[in-house]
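Heads up: the sequence lines are chains V and G, in that order.
Just so you know, we're using this note's numbering here: the first sequence kicks off at 4 and counts up by one.
Just so you know, we're using this note's numbering here: the second sequence kicks off at 6 and counts up by one.
Keep in mind that the hints were calculated from the coordinates and are not lab data.
Certain hints may be false.
Here are the computed lysine-lysine pairs in the DSBU-like style, where the Cα-Cα straight-line distance is at most 35 angstroms [unchecked claim]: (1) Lys47/G with Lys73/G; (2) Lys61/G with Lys105/G; (3) Lys104/V with Lys76/G; (4) Lys47/G with Lys12/V; (5) Lys12/V with Lys60/V; (6) Lys73/G with Lys104/V; (7) Lys61/G with Lys76/G; (8) Lys61/G with Lys47/G; (9) Lys104/V with Lys61/G; (10) Lys105/G with Lys73/G; (11) Lys61/G with Lys60/V; (12) Lys76/G with Lys60/V; (13) Lys105/G with Lys104/V; (14) Lys47/G with Lys105/G; (15) Lys60/V with Lys47/G; (16) Lys60/V with Lys104/V; (17) Lys12/V with Lys105/G; (18) Lys73/G with Lys61/G; (19) Lys76/G with Lys105/G; (20) Lys104/V with Lys47/G; (21) Lys105/G with Lys60/V; (22) Lys76/G with Lys47/G; (23) Lys73/G with Lys12/V; (24) Lys12/V with Lys104/V.
Some chain V residues near chain G, calculated using beta-carbon distances under 10 angstroms [said to hold, decoys possible]: (25) Tyr36; (26) Thr99; (27) Lys104.
Rough simulated footprint, nothing fancy, chain G against chain V, three-plus residues with beta-carbon under 8 angstroms [claimed, not checked]: (28) 51-64; (29) 67-77.
Note that the structure is predicted; figures quoted are calculated from it, not measured.
Beta carbons: idealized from backbone N, C-alpha and C, even for Gly.
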Amino acid sequence: DSGVTQTPKHLITATGQRVTLRCSPRSGDLSVYWYQQSLDQGLQFLIQYYNGEERAKGNILERFSAQQFPDLHSELNLSSLELGDSALYFCASSATGGNEKLFFGSGTQLSVL
Amino acid sequence: GESVGLHLPTLSVQEGDNSIINCAYSNSASDYFIWYKQESGKGPQFIIDIRSNMDKRQGQRVTVLLNKTVKHLSLQIAATQPGDSAVYFCAENYGGATNKLIFGTGTLLAVQP
Chain V
4 DSGVTQTPKH
14 LITATGQRVT
24 LRCSPRSGDL
34 SVYWYQQSLD
44 QGLQFLIQYY
54 NGEERAKGNI
64 LERFSAQQFP
74 DLHSELNLSS
84 LELGDSALYF
94 CASSATGGNE
104 KLFFGSGTQL
114 SVL
Chain G
6 GESVGLHLPT
16 LSVQEGDNSI
26 INCAYSNSAS
36 DYFIWYKQES
46 GKGPQFIIDI
56 RSNMDKRQGQ
66 RVTVLLNKTV
76 KHLSLQIAAT
86 QPGDSAVYFC
96 AENYGGATNK
106 LIFGTGTLLA
116 VQP
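Go ahead and model the full structure; you've got the sequences and the hints to work with.
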């Protein structure tokens, strides 16, 4: 168990809908990351937060947004969902947000029908 | 219809043999590298990391080698066990002050009993 908690584990929704994925980092970790894993794209970095502030941005669509709250948990909001958004979404955390290893949660499997 | 997915390189080894998984990274400025193991249905799990000021690092049954001249990383697993069967990813850190880990496409390690 990595100590990173993601909910829900599975989510099934329809095109055009909006969903929220939730992540609690490991105790003491200040930085949270979101990754998308799909069959045709592999593991893609979406965004990083450190202590509530956005620190780095990757291939995150404008339809997607994230935030990190004062208690350090994070949410990833996906809106106007398309079939191609179906993927595994992973949250990871690290202690300081610098050059260090990430600890990953078990992921949320999103299926858009 | 036909499904499209990443074609993962596969390494098939006999139980007890040593395994070597290779990775070519893309950015000569990357200064931190990590190997992750991902079992089916789980999030990536940290195995070992190495910084660019080193060319070799050993862990328990695993060794990572870094060749910066040719931008190559390898993971050696000694006495491979059935529990080592998984997809292995290398990741590089482009970012310096951020921790934007970029993952490779992965290698499937299949251990034959």
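Which earlier hints turn out false for this structure, listed by number in ascending order?
-> Those not satisfied are hints 23, 29.
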